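**Q** Sequence:
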Amino acid sequence: MSISCLLPSARQGKLQMWVDVFPESFGPPGPAFNITPRKPKRYELRCIIWNTQDVDLQDTSITGQRMSDIYVKGWLDGLEEERQRTDVHYRSLGGEGNFNWRFIFPFEFLPMEQVCLGHPGPSWNVLDETVLKVPPKLILQVWDNDKFSADDFLGEAFPLGGCLPCSPGGCRVARWSFPPVAVGTSPSC
1 MSISCLLPSA RQGKLQMWVD VFPESFGPPG PAFNITPRKP KRYELRCIIW
51 NTQDVDLQDT SITGQRMSDI YVKGWLDGLE EERQRTDVHY RSLGGEGNFN
101 WRFIFPFEFL PMEQVCLGHP GPSWNVLDET VLKVPPKLIL QVWDNDKFSA
151 DDFLGEAFPL GGCLPCSPGG CRVARWSFPP VAVGTSPSC
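1 is the number of the first residue of the sequence shown in UniProt numbering; add one for each residue after it.
Bear in mind the hints are in silico, worked out from the structure with no lab data behind them. A portion of the hints provided could be inaccurate.
To be verified - What follows is a set of in silico ranges between Cβ atoms, one per label pair, in the way DEER data are often shown:
1. Phe22 - Gln84: 46 to 54 angstroms
2. Asp54 - Arg85: 46 to 54 angstroms
3. Arg38 - Thr63: 55 to 63 angstroms
4. Phe158 - Pro23: 45 to 53 angstroms
All values derive from a computational prediction rather than experimental measurement. Backbone N, C-alpha and C fix where the C-beta goes; we use that ideal spot for every residue, glycine too.
Using the sequences and the accompanying hints, generate a full structural model.
**A** Right under this line is the structure:
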């Protein structure tokens with residue numbers, strides 16, 4: 001890579017380095033430290049969506065009954081491109097939906113830093129590989145499917161609250177419910 005003298009103030013690259021400066025009065029420096037980045041561990045989060053209940057009914061059927069066409073979206077924070085969604089439970093009249101749907105999220109985790117690694121997609125103006133470090137957070141959202149307009153956001157929750165991963169053998173969360181979420185709050189997607 002060459003540096004252009006025509007545009008000296010324009011960003012033309014990036015240099016990352018570590019410099020140690022020792023006074024001569026301290027004598028020769030000690031042994032060098034190993035500063036190579038830690039290798040992340042690969043994990044897989046499996047989330048099963050069985051049922052929903054008490055979901056807000058957003059639409060009105062032809063007969064005048066309140067109903068919703070419910071589906072659930074899920075992803076790990078920082079890995080939005082890995083977003084997954086269930087199928088649609090059509091015409092729920094009581095706010096319940098049945099799915100038996102599995103989300104599988106592979107991710108890399110740094111245990112010492114308690115963060116997940118995310119790799120944003122390539123960009124035309126970034127040549128180096130950027131790595132995002134974000135706290136582990138599973139995001140689940142409930143939506144109402146609409147045919148002729150944008151889908152309606154019904155609620156969102158963070159069931160694990162940043163407690164990933166539990167142990168090398170895995171962990172289980174037996175039951176979990178969405179806390180009440182005000183309809184009309186802006187979704188994070």
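**Q** None of the hints should be skipped; say for each whether it holds.
**A** Right, here's what the structure says about each hint:
1. Taking the beta carbon of each, Phe22 and Gln84 are about 52 angstroms apart, inside 46 to 54 angstroms as hinted.
2. The supplied range of 46 to 54 angstroms is broken by Asp54 and Arg85, whose beta-carbon atoms lie about 20 angstroms from each other.
3. Roughly 60 angstroms separates the CB atoms of Arg38 and Thr63, a value that falls within the hinted 55 to 63 angstroms.
4. Distance hint for Phe158 and Pro23: a CB-CB separation of about 50 angstroms, consistent with the stated range 45 to 53 angstroms.
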